[in-house]
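Those protein sequence lines, which keep their order, are chains C and X. Using my numbering, the letters of the first sequence map in sequence onto residues 11 to 794. Using my numbering, the letters of the second sequence map in sequence onto residues 422 to 909.
Hints may be right or wrong, so weigh each one.
Claimed, not checked - Only part of the chain X face toward chain C is listed, based on derived beta-carbon distances under 10 Å:
no.	residue
1	C527
2	T661
3	L662
4	H664
5	P785
6	A858
Unchecked claim - List of simulated lysine-lysine pairs, BS3-like, C-alpha gap at most 27 Å:
no.	chain 1	residue 1	chain 2	residue 2
7	C	K230	C	K469
8	C	K469	C	K399
9	X	K480	X	K697
10	X	K769	X	K758
11	C	K40	C	K26
12	X	K554	X	K433
13	X	K480	X	K433
14	C	K784	X	K450
15	C	K791	X	K480
16	C	K519	C	K40
17	C	K40	X	K596
18	X	K480	C	K40
To be verified - Just a sample of chain X residues kept apart from chain C, beta carbon distances all over 10 Å, derived:
no.	residue
19	A467
20	A515
21	Q516
22	G524
23	A617
24	A627
25	S642
26	A819
Derived from the structure by calculation, the hints contain no laboratory data. Built from N, CA and C at the ideal position, the CB exists for glycine as well.
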Amino acid sequence: MRRLPLNTPTPRHSAKGLAGQGARHDSAWKHVSGQARYIDDLPEPQGLLHAAVGHSEQAHARIVSIDLEAVRQYPGVVAVITAGDVPGHLDIGPVFPGDPVLADDLVEHIGQPIFAVAATSHDAARKAARLAKVEYEPLAAAVTVEQALDAQLFVRPAQTQCRGNPDTALAGAPNRLQGHQRVGGQEHMYLEGQACLVEPTEDRGVFVHTSSQHPSEVQKLVAEVLGLPIHEVQAEVRRMGGGFGGKETQAAALACVASLLARATNRPVKYRLSRGDDMIQTGKRHDFLNTYDIGFDNDGTIRGADIMVAARCGYSPDLSDAIVDRAMFHADNAYFLDQARVTGHRCKTHTVSNTAFRGFGGPQGMMIIEQAMDDIARHLGQDPLDIRKRNLYRPGRATTHYGQTIEQHVLPQLLERLEASSDYRQRRSDIEDFNRTSPVLKRGLALTPVKFGISFTAKHLNQAGALVHVYTDGSIHVNHGGTEMGQGLYIKVAQVVASAFQVDIDRVKVSATRTDKIPNTSPTAASSGSDLNGMAALNACEKILDGLIRFASDHWSVAPDDVVFGENRVRVGKLSVPWAEFVQTAYMNRIPLSSSGFYATPKIHYDPSTGTGRPFLYYSHAAACSEVVLDTLTGEYRAIRTDILFDAGRSLNPDIDLGQIEGGFVQGMGWLTTEELVYSDEGRLLTTGPATYKIPAASDCPPDLRVTLLENSPNHEATVFHSKAVGEPPLMLAISVWSALRDAVSSLTDYRFSPPLDAPATPERVLAAVNASKAWLTDRKESA
Amino acid sequence: MIEFLLNGRMEKVDQADPNLSVLEWLRTKMRLTGTKEGCASGDCGACTVITGTPDQAGKIHYQAINSCITLLGSLHGKELITVEAFQQEPGHPAQTCMMEKHGAQCGFCTPGIIMSLIALHANHQSATPDDHKLLEALSGNLCRCTGYRPIVDAGRDAMVQAWSPDASHPAAGLKGDRSADALASIHTGGITLKAANDGPRFDAPASLAELRELRSRFPESRLVAGSTDLALEITQQLQTLDHLISVERVHELNGCTRDNDELVIGAATPYEAFRKPLSELWPAFDPMLERLGSLQIRNRGTLGGNIANASPIGDMSPPLIALAATLVLDGPDGARKLPVEAFFHDYKQTDLKPGEFIHSIRIPVPKPGEKLFIYKVSKRLDDDISAVLGAFKINLEAGIVSDCRLAFGGMAATPARAREAEAALRGARWDEASVKAAAEALGRDFNPLSDVRASAAYRLQVAGNLLQRALLASDPLVRDALTVTDYA
């Protein structure tokens with residue numbers, strides 16, 4: 011097929027809204043006027059029932075008996091089902107088994123669904139579900155990572171990646187430091203809770219409206235629990251009110267429960283979780299226990315590293331294998347570790363099964379090496395930025411501990427530019443002056459990089475499909491396998507399609523993602539949405555264009571090269587035909603105006619048995635410089651300024667990318683500062699709503715936030731228009747805030763002591779770091 | 422039966438379960454689904470709507486509120502404006518600016534944010550935007566996607582733009598008093614809203630006499646004011662409250678008056694209504710009130726409710742105890758006065774007798790040499806429940822603490838005074854050594870809990886450190902900022 015010169019920048023005179031230009035979210039007006047429909051807003055079908063589940067009150071127990079009589083008798087209840095009522099598969103584990111849709115005789119976390127109720131109102135279903143009498147025989151429960159490690163409880167086997175001989179390098183290094191940290195989990199707190207609406211079809215199948223990042227998985231698992239071939243189930247996602255990874259696997263359980271109830275009653279069923287149930291019953295970001303042992307030269311150059319990351323996975327594997335893999339892949343962040351070993355543990359605990367969350371383990375892995383960077387700097391009495399810069403990957407020091415070679419070195423130059431544009435050195439000196447005289451408040455500064463690998467580490471997921479129709483009025487309809495959760499994927503893919511045909515963006519419509527339009531889709535995850543679906547859509551456009559060019563060349567007797575698309579017109583030799591007229595002519599001549607498209611990411615491979623390969627097509631890069639001020643009396647703090655320089659390659663839509671960067675950064679800041687998940691010793695989540703679980707509010711955003719996209723940095727790989735992924739990497743820029751908090755505390759010891767600061771760095775933990783620093787000073791005085 | 426305006430049209434609800442929140446009524450009964458449920462606990466703002474409440478003079482006050490924890494019965498006599506009033510293009514400046522600045526990503530929080538911005542616009546549209554007011558207006562609206570910068574930018578742009586709706590616009594009431602006539606036609610006396618078949622009942626008396634009478638007749642009933650806490654029993658604990666008596670419309674319990682050397686605040690006065698008169702007397706209240714709940718909560722929550730709720734972490738009680746404020750309790754046996762301090766017996770246990778209610782709160786005005794410090798410490802700065810709240814009234818004479826009252830929230834089962842620490846300070850120099858001794862005495866005063874907000878050790882240390890902050894703050898030589906909120 012003829013390759014079209016598509017991977018070029020937007021022409022100077024062009025149609026409106028092409029790739030590379032800023033464009034509004036396609037639902038912008040619907041969002042601001044409350045007309046965008048989410049699951050719970052859809053018109054309710056006749057006879058609609060509402061679902062709720064009764065869940066385990068024990069972290070680990072055998073179920074001795076279940077008495078559901080009071081549930082059944084509650085006014086409005088139409089059906090109650092248990093595991094025995096599931097006609098097909100009981101297990102809905104997405105990758106590995108371990109997730110029964112309803113618990114059978116064993117419960118493994120507080121919040122695990124045991125039975126499901128369908129009632130005539132949401133209220134009745136929820137109230138009825140509380141009336142069951144369940145008798146448990148408690149079993150020993152592991153709640154924390156430490157307890158799981160002690161008991162050697164794992165959901166999957168440990169993995170190790172090793173390059174060279176780290177033990178020898180550590181033993182021979184002039185300096186050696188060890189450290190550990192706890193990195194907290196994170197609740198997604200998508201504003202729209204999990205929800206689905208299931209309608210029975212005439213063939214005993216179901217149609218599922220779901221708020222899911224992975225409609226194909228919803229489709230497959232619903233078919234499996236119902237014991238049906240996949241083609242009897244269709245899933246549709248118009249939009250989600252936020253996903254962040256929390257709707258990658260977690261939406262399927264609801265769809266399965268609602269489908270089982272729809273089957274049991276032959277009526278449509280809506281199932282949406284209240285905020286409290288959502289927080290108790292669905293998985294979160296994994297919390298980690300990490301350790302490092304690092305050897306380095308007197309200038310701070312790392313010679314060897316031995317790093318351990320251990321995740322609290324919860325009771326089942328879910329996606330934990332890949333999440334801990336990604337933590338391991340990012341335990342180097344942006345630094346050449348030389349001789350290095352990274353070990354990853356997948357700890358089984360009797361808590362909710364943790365799941366995907368923006369960054370997918372990567373952020374937790376990066377935290378340990380960023381702590382080490384600060385610690386090395388304090389040990390050597392140097393500025394942490396200098397230690398970070400010294401250890402960046404660069405030509406000659408470019409191979410990761412898992413064997414992938416970094417080919418595009420963006421960070422050395424990017425850090426230099428951010429250091430200059432953020433005025434780092436001057437502010438460092440100003441802050442030191444301030445800290446010397448300020449009695450209570452101390453300021454801190456940190457500049458941290460991010461290197462984030464782009465591709466699903468499960469190779470088969472790196473594929474996508476699209477479907478493009480051109481109608482006879484020149485309007486274009488696009489479907490693809492990606493889902494819209496606010497990240498602007500639909501508008502980006504629409505821009506790609508508009509660019510392919512060189513028509514205005516308002517001729518292109520992207521509609522709901524449906525499994526009967528695009529089959530076997532991958533989840534919209536791993537920052538891959540526009541990389542994969544943009545390319546699949548482009549492939550579909552290329553096929554249509556190829557036919558159109560051949561047609562025009564024949565019809566108007568010109569060379570194929572003389573058929574040129576631009577500015578809503580097609581130039582055919584000396585003729586210039588308006589787009590709609592051109593399409594109409596092609597239609598009258600029976601030329602296909604519709605095509606599917608497909609894309610599979612090239613080059614990638616990884617062998618878990620050896621811990622080596624090229625898991626990523628490329629890396630996204632960025633860095634942030636954050637300044638904080640903290641109160642040494644209470645540990646309270648605020649971020650006062652953040653500068654970000656981000657490499658989005660040749661951005662598909664700079665406005666949308668800016669939103670991803672700022673939003674990801676603030677979300678990451680919440681993860682590392684105020685968002686604290688608290689469990690009781692018995693494994694009960696105590697922070698079950700926004701009253702106790704505090705995500706950033708408007709005033710937490712740094713009042714001075716300066717975000718810049720790195721210019722002239724096209725992706726060296728052949729991604730869609732040489733753009734780079736932007737979904738997850740910005741989250742990790744918030745490590746700069748955490749590191750700046752440590753920097754501010756470190757000022758108490760004149761930057762000689764690197765205070766421990768587990769995440770989230772709540773005011774309480776910051777005050778503990780202040781206390782530790784003061785104790786260090788006292789010790790030094792006493793020993794002196 | 423209740424009557425109110427909904428987006429410019431009169432609505433009458435003859436019969437309904439009074440446990441219904443405004444949000445549930447909108448979404449399930451009216452199928453107006455633009456207003457979203459994000460938490461059903463008043464913490465996220467996705468449900469934000471605007472209510473217009475006429476005052477005695479007929480002027481209508483428009484405010485953003487959380488519809489998820491506002492009970493349907495409370496709408497009587499008001500105007501309710503939802504995002505459905507703004508579905509005609511080109512829309513309100515808040516909408517166009519949000520689109521221009523890319524202020525919506527997933528869009529789920531957006532209708533709530535739009536309503537908060539429109540309420541702010543209705544009250545504070547001006548040529549120069551006020552960032553402080555803007556952040557305050559947004560403090561109760563969580564967004565998980567954008568990181569807020571574009572929303573704040575959109576708000577700033579919108580506040581300087583005029584909005585001129587036609588008279589037929591469903592939200593035309595926001596401009597001028599166009600809804601005044603319609604609202605004036607609504608019955609101003611007491612009302613009752615009942616569910617079918619003798620189900621739950623909601624009374625909203627309009628006078629003190631009616632309230633006394635209802636309260637004596639139905640001693641088992643629950644009193645409700647802004648329902649910012651009570652509604653959680655319905656939405657979070659799934660309880661059905663059988664009989665509610667609302668004090669919201671009892672005009673004798675609303676408002677602030679000066680009575681000689683006391684400020685008298687009616688128990689049903691919302692935070693935002695007493696914030697200014699109270700802060701003018703005691704400026705330390707203002708920064709604390711700015712962080713108490715969100716603007717939506719402060720528009721509904723009342724002083725009487727905060728006290729009667731008797732939560733150990735209610736933020737108003739410690740400073741009222743520090744100021745030796747008194748409560749006026751009213752009931753079947755007439756009125757009586759009680760120091761705020763004596764009101765709390767134990768966790769959520771109060772001195773309120775059956776049939777009694779809080780009538781008003783009497784707060785002494787400052788005397789010479791008196792200083793008041795109020796410090797709220799929480800995980801998140803805005804809209805968060807306190808881990809510790811310290812309120813200190815210190816009387817200084819020539820550098821000596823002639824008298825002091827130190828009260829804390831979050832340190833015990835009730836808001837409580839630190840008598841040992843007070844004793845350590847009383848008669849001592851107001852200096853570092855005395856503060857250190859007082860901080861140590863706090864360990865004898867309190868044995869705080871560890872919970873999701875903070876550990877016992879943190880609470881004790883911070884409580885002492887807050888005394889140190891008060892000392893530094895009263896030192897004229899310390900000119901540096903002392904709290905991170907100074908960096909707002």
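So, going through the hints one by one against the coordinates:
1. C527: Holds, about 3 Å.
2. T661: With a minimum Cβ separation of about 9 Å from chain C (threshold 10 Å), the hint on X:T661 holds.
3. L662: This interface hint is violated because 14 Å lies over the 10 Å limit.
4. H664: Because about 19 Å separates X:H664 from the closest Cβ in chain C, which is outside the 10 Å limit, the hint is violated.
5. P785: Violated. Min distance 28 Å.
6. A858: This hint is violated: X:A858 lies away from chain C, its Cβ roughly 17 Å from the closest one there, beyond 10 Å.
7. C:K230 with C:K469: Roughly 19 Å between the alpha carbons, so the hint for C:K230 and C:K469 holds.
8. C:K469 with C:K399: With a Cα-Cα distance of about 32 Å, the restraint between C:K469 and C:K399 is violated, given a limit of 27 Å.
9. X:K480 with X:K697: Holds - the C-alpha atoms of X:K697 and X:K480 are around 19 Å apart, at most 27 Å.
10. X:K769 with X:K758: Distance of about 20 Å is within 27 Å: holds.
11. C:K40 with C:K26: Measuring from Cα to Cα gives roughly 21 Å; hence the hint holds.
12. X:K554 with X:K433: 35 Å, violated
13. X:K480 with X:K433: 22 Å, holds
14. C:K784 with X:K450: Violated, at about 60 Å.
15. C:K791 with X:K480: 68 Å, violated
16. C:K519 with C:K40: Given pair C:K519, C:K40 holds - Cα atoms ~15 Å apart, limit 27 Å.
17. C:K40 with X:K596: 24 Å, holds
18. X:K480 with C:K40: With a Cα-Cα distance of about 33 Å, the restraint between X:K480 and C:K40 is violated, given a limit of 27 Å.
19. A467: 6 Å, violated
20. A515: 8 Å, violated
21. Q516: 4 Å, violated
22. G524: 8 Å, violated
23. A617: Holds: least Cβ distance 13 Å, greater than 10 Å.
24. A627: 31 Å, holds
25. S642: 22 Å, holds
26. A819: 24 Å, holds
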